[in-house]
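Chemist: Sequence:
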Amino acid sequence: MRVLADLRCRARISISILSVAAVARWCILKMKIKRARLRKSGLKIWGLLYFRKALSSLAYVMNASKKVLTPLECPKGNVVVVAGGACIADLCDPLLQHPHCLKKEEWIVTSIAIKAEGLIKRYGDIVAVKGVSFDVEEGELFGFLGPNGAGKTTTIRMLTGLSKPTAGNVELLGLDIKANAATTKGFTGVVPEASNLYDELTALENLLFMGKLYGVKRGERYERAGALLELFRLQEKRDRPFRTLSRGMKRSLTIAAALIHNPKILFLDEPTVGLDVMAARSLRSAIQKLRDQGMTIFLTTHYLEEADVLCDRIAIIVRGQIVAVEKPEELKKMAIKEQAIELTIRGSASILVDRLAALIGAKPIIVGSNTLRCSGTANSLLPHICRAIQDTGAEIESINTIKPTLEEAFVRITGLSSTMMAMEKGGK
1 MRVLADLRCR ARISISILSV AAVARWCILK MKIKRARLRK SGLKIWGLLY
51 FRKALSSLAY VMNASKKVLT PLECPKGNVV VVAGGACIAD LCDPLLQHPH
101 CLKKEEWIVT SIAIKAEGLI KRYGDIVAVK GVSFDVEEGE LFGFLGPNGA
151 GKTTTIRMLT GLSKPTAGNV ELLGLDIKAN AATTKGFTGV VPEASNLYDE
201 LTALENLLFM GKLYGVKRGE RYERAGALLE LFRLQEKRDR PFRTLSRGMK
251 RSLTIAAALI HNPKILFLDE PTVGLDVMAA RSLRSAIQKL RDQGMTIFLT
301 THYLEEADVL CDRIAIIVRG QIVAVEKPEE LKKMAIKEQA IELTIRGSAS
351 ILVDRLAALI GAKPIIVGSN TLRCSGTANS LLPHICRAIQ DTGAEIESIN
401 TIKPTLEEAF VRITGLSSTM MAMEKGGK
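Residue numbers (the working numbering): 1 to 428.
Calculated lysine to any residue pairs in the SDA-like style (CA-CA distance at most 25 Å, straight line):
no., residue 1, residue 2
1, 363, 380
2, 217, 262
3, 289, 301
4, 212, 183
5, 332, 365
6, 164, 264
7, 327, 401
8, 327, 139
9, 212, 245
10, 250, 270
11, 264, 306
12, 164, 175
13, 289, 137
14, 217, 200
15, 217, 187
16, 327, 405
17, 115, 153
18, 327, 118
19, 237, 226
20, 237, 282
21, 363, 384
22, 250, 209
23, 115, 139
24, 217, 182
Quick caveat, the hints were computed from the structure, so don't treat them as lab data.
Make the full structure from the sequences, and use the hints.
Modeler: Printed below as a string of structure tokens:
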């Protein structure tokens, strides 16, 4: 029998191994109800009669030697209590001081929201996904990019329990989705590329209906629906039928409906596709607010600029296999062939070409009527550029270091041509 205290904070924690009898007496004394939940900064304690349901919830911890453990690896007949941070000190202290407490150690929590291990999906002789593995941390905005047909949608369907993997395993907040399908659906929100709301219902009615489907209490449904309409700036449209809303409003309301039950993990499939500039910007702002509130977000998009701005990390999938999982800046470094400086002057750039070529030993490239590009580092090029400007009497408008874009990195990693990249952006 194990007690799991699920926490959101990432701090040093204390783990105590106590006898089953000691914990049973403590729980009966403290809770005395069939199911009890104590909420403090995300903490939840399961009642005594529900411990068996909590057994499948694995709390991953890491000790000083960096070894990852789970409650299953602890001695039989004992109880593992995981807690952390000053916010729950009032819970930990009684346990640590209990006479049956046999062991006290310092540990560090590894908070993994989504864990995919060796996912494989076959459709007859076709292997759509080939051994995909990655982790998404709690509170992270994780981008999932790839060309059309790479396996993005298939992977998302397996992560959300809509499709059963041929092989491999998925865990959401430590729960195996195969064994805990109903539980995991209760704390995940899914926003498909095509809206799943009802045209004949109003904006408010759609939110209330979705809340009822998720089992949200009546009073909470109205409160959450109002808050979400405000978050997505739809208060004035609350009584309008869904079919009369603009495309951007429909997309915003679809995301709001996925949030009505206050999920911990949100899956977003192409949230801004087909939206105008202002609608897309407004939606990105709302997504950033959700991330700032600590929600874990799994995002797919064809707009690489969007992924660059929003995502903490990005995974790139090609032909059913993950080829890179990095922060956007690290991915962009992969596209760097050589450093360069771009110089823009007043007038024609041709007056600088010969002088710069003599000073730096290589002919600059003319990329515009008044713009030159020189290969090399800023430290090595700037003295020569200043000398050439003085010698020719040219006037500088701007000097910029050339940085690779995420699109360049994506093309380099996936091998897409510029034509194919344009088709990808169009969602074709």
